[in-house]
Every structure is written in structure tokens, then in C-alpha cells.
Amino acid sequence: MPRRSSPTPLASYRAGPVHGRRVPRPVAPGTVHRLRVVARRPGRPGPIVGSVNDWPEGTGQAGAGGGDAAGAREHVAWSGRDGAQAFAAVEAATDWLLGYPFVFRALARKIDSGHVLVDYGCGPGKVADHAARLLGARVLGVDTSPEMLALARGSGTAVAEFHLVDGDRTVCLPDGGADAVMCNHVLASLPTEAAVLSVFREIHRLLRPGAPLVLLATDPACSGTEYASLRIGEPGWEYGPGDALAVRLRRSDGTWQEMANHAWPVDACPPLLERAGFRNVVQHRPTVEEAFGVVDAEFAASRTWSAERANPPLVITTAFAV
804 MPRRSSPTPL ASYRAGPVHG RRVPRPVAPG TVHRLRVVAR RPGRPGPIVG SVNDWPEGTG
864 QAGAGGGDAA GAREHVAWSG RDGAQAFAAV EAATDWLLGY PFVFRALARK IDSGHVLVDY
924 GCGPGKVADH AARLLGARVL GVDTSPEMLA LARGSGTAVA EFHLVDGDRT VCLPDGGADA
984 VMCNHVLASL PTEAAVLSVF REIHRLLRPG APLVLLATDP ACSGTEYASL RIGEPGWEYG
1044 PGDALAVRLR RSDGTWQEMA NHAWPVDACP PLLERAGFRN VVQHRPTVEE AFGVVDAEFA
1104 ASRTWSAERA NPPLVITTAF AV
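Here the sequence shown is numbered in the numbering used here, starting from 804 and rising by one per residue.
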């Protein structure tokens, strides 16, 4: 259960054995935290840079939380048609600064045009669509929600393909058929370690040996911080794996919505990935300074990003199937 405490500095963690002790180790924002040595492949593209028009409004693939009491506040479940439409209306400015562009950059270093990229938990499909255009990959978006997939397929600009997850299995996709998988903010919907392991094992099944998973998640250690488009949890609380936490998201119309979510601390993911068959786990916390070399300069300069500068809330985890 979450417990009340004094705010603590943001920290990354070194993962020990799967059932061993995890040792907190403060790391400066932007540090690449390596759990295994990963060699870079030569000749891969550099930073992902596009026109300001390439960064969609109301992308609906936002991370957890956000904002103050201004505007409408609702408890929203993402199930059903109304939930899917509410999710599609999320602004996700912080994610488009410190999240998705870094996911795309990590993928661009590992896959080529024409490769198969699965977006596991694609929601209304805006991020999958953007990845397909930017990377030139064949993007397959999968989700457990028929309503989300209906929105994705109904987009007049959709260039990705979309499929339903049946139970815990993506029955339409074969074993080892994916050259890469991205999984953005899916952990926040999973309440238990067993549920997380089930998702990781299904992703592992989809990937060919040696192929990467790029995972985007919010850090619950940033609880209570007001970001441009999100707030995670409550000030002064610490959250353990699977703990429920309230989050707020800013809509593209400037209002806010509130929902329930689940916390997965940064150090909880590497051991679970290893149990699911992944190795060479690397975690990276992007900073605003880095973003100026990755995203469009006009978008990066469009806000002050003061909270994002002080305490970056997003973590990119990369792991490889074996």
C-alpha cells in the first residue's frame, strides 16, 4: 500500500538477482542506466527530428496523471466507446517531449524500413500511425479494446494495421514474427506482477530472437509533481509495485480528467523482464535538454517545461528477446 513520507530525490536503481536485494542509487537526470552491456550497431539513424506538424495534438497515448483542479475533473475508465474517446482526447505534451520521440529514436537504431514493428497496447493508434510514417516500418497495433481499435481503424490518415488481443494472446500474430515491439504506458493498467509477466511473455513470444522491446513508463517516484500535461499520484506518497494511484491528464481542450492507475517503480521492471526471457536491459530517463536535439525545436520551445526540467518523469526501458 502507498505510505505517507517526505518527498525524496528522484533515483534510479540497480537491479540485483530476480529475488535479490535492489539497491537505490541516485542518478542524475539523463543518465543512461545500464544493467547489461549493449553494443550499438553501426550505421543507424541519429536523432528523430520532424516538422512541428508531425507532433499530433490529442494523441491519446499519454502517460499517467496531470494538472491542477482547473477545468473538468472526471474519473475515467478507458473501457467502452466513451472511455476510448476520452483517451483519444488526451493532449500528452510531456509524452511528446520526453517519451515517444525517444522511443522512436531507440527503434530507429534497431530496425529498418519494411521491418515489422508491433505497438502493444496501441490505444486509438496515433502513436502507431506516427511510428509507421517516421520509421517506414510495417506497424501492427494491438489492443484489448475493440473500441480503441475502432478509433484507430477509423482514422482517415491511418497507415498502421490494427488487431485485437484475445485474452492474453495476440492470436493473429505468429511466434517470432516481429522485428521490434514498443509498449507505451501499458504497465499503468496492470494491477499485479502476474499481469505484467503475462504481457512481457506475450511480447517475448512475438519477437524474433535478438529483437528489441522498447518500453515507455512513468516513474511513480515523481508523484505529486505538476507537469505540463500530467500529474502522477499525490504529493508526499511513495508507491510500491501495483499500488493504485490517482492520476490526472490534460485534454487537448485544456480541461483535465482524473483516473485510477497502477504504480510500477523503475527498479521493478528489469527483474520481471528477465523472468519473461529478456536480457541486456537498459533504462534511460530523457531530459528536456536532450529533447532539444530530438524533437522539433519549435515544439520544444513552446513551453517552459519547468517541472520536466527539474524532475523528468518518463523512463525508457530497452530489452532484447533471447
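Since the hints were derived computationally from the structure, they do not count as laboratory data. Note that this is a predicted model, so its numbers are computed, not measured. One or more hints might be untrue.
Stated by the list, open to error - Label pairs and their computed distance ranges (CB to CB):
| id | residue 1 | residue 2 | range |
| --- | --- | --- | --- |
| 1 | 979 | 1106 | 20 to 28 Å |
| 2 | 998 | 1104 | 36 to 44 Å |
| 3 | 936 | 1096 | 14 to 22 Å |
| 4 | 1125 | 1027 | 35 to 43 Å |
| 5 | 969 | 1125 | 40 to 48 Å |
| 6 | 978 | 1107 | 46 to 54 Å |
| 7 | 1112 | 975 | 37 to 45 Å |
| 8 | 1037 | 969 | 22 to 30 Å |
| 9 | 966 | 996 | 23 to 31 Å |
| 10 | 1058 | 1012 | 45 to 53 Å |
| 11 | 916 | 956 | 22 to 30 Å |
Where is the CB? At the ideal position from N, CA and C, for every residue including glycine.
(request) Could you check the hint for me, namely that residue 936 and residue 1096 are 14 to 22 Å apart, CB to CB? (result) For residue 1096 against residue 936, whose Cβ atoms are near 21 Å apart, the range 14 to 22 Å holds.
(request) Mind checking the hinted window 35 to 43 Å against the Cβ distance between residue 1125 and residue 1027? (result) holds, 38 Å
(message) Assuming the hint says 40 to 48 Å, is it satisfied by the Cβ distance from residue 969 to residue 1125 or not?
(response) violated, 26 Å
(message) Is 20 to 28 Å respected by the C-beta to C-beta distance linking residue 979 and residue 1106?
(response) Once the Cβ atoms are compared, 42 Å apart, the range 20 to 28 Å for residue 1106 and residue 979 is violated.
(request) For the range 46 to 54 Å, tell me whether the beta carbons of residue 978 and residue 1107 fit it or not. (result) holds, 47 Å
(request) Indicate whether the distance between the beta carbons of residue 998 and residue 1104 respects the range 36 to 44 Å. (result) For residue 998 and residue 1104 the Cβ distance comes to about 40 Å; the hint holds.
(request) Given the range 23 to 31 Å, decide if the beta-carbon distance of residue 966 to residue 996 lies inside it. (result) Cβ of residue 966 to Cβ of residue 996: about 26 Å, so the range 23 to 31 Å holds.
(message) Can you tell me whether the CB distance of residue 1037 to residue 969 sits inside 22 to 30 Å?
(response) violated, 36 Å
(request) Hint says 22 to 30 Å; check whether the CB-CB distance for residue 916 and residue 956 agrees. (result) holds, 23 Å
(message) A range of 45 to 53 Å was offered for this pair. Does it hold for the Cβ distance of residue 1058 and residue 1012?
(response) holds, 46 Å
(message) Quick check: does the Cβ-Cβ distance between residue 1112 and residue 975 fall within 37 to 45 Å?
(response) Given about 42 Å between the Cβ atoms, the range holds.
Comparing the model with each numbered hint stated earlier shows that hints 1, 5, 8 do not hold.
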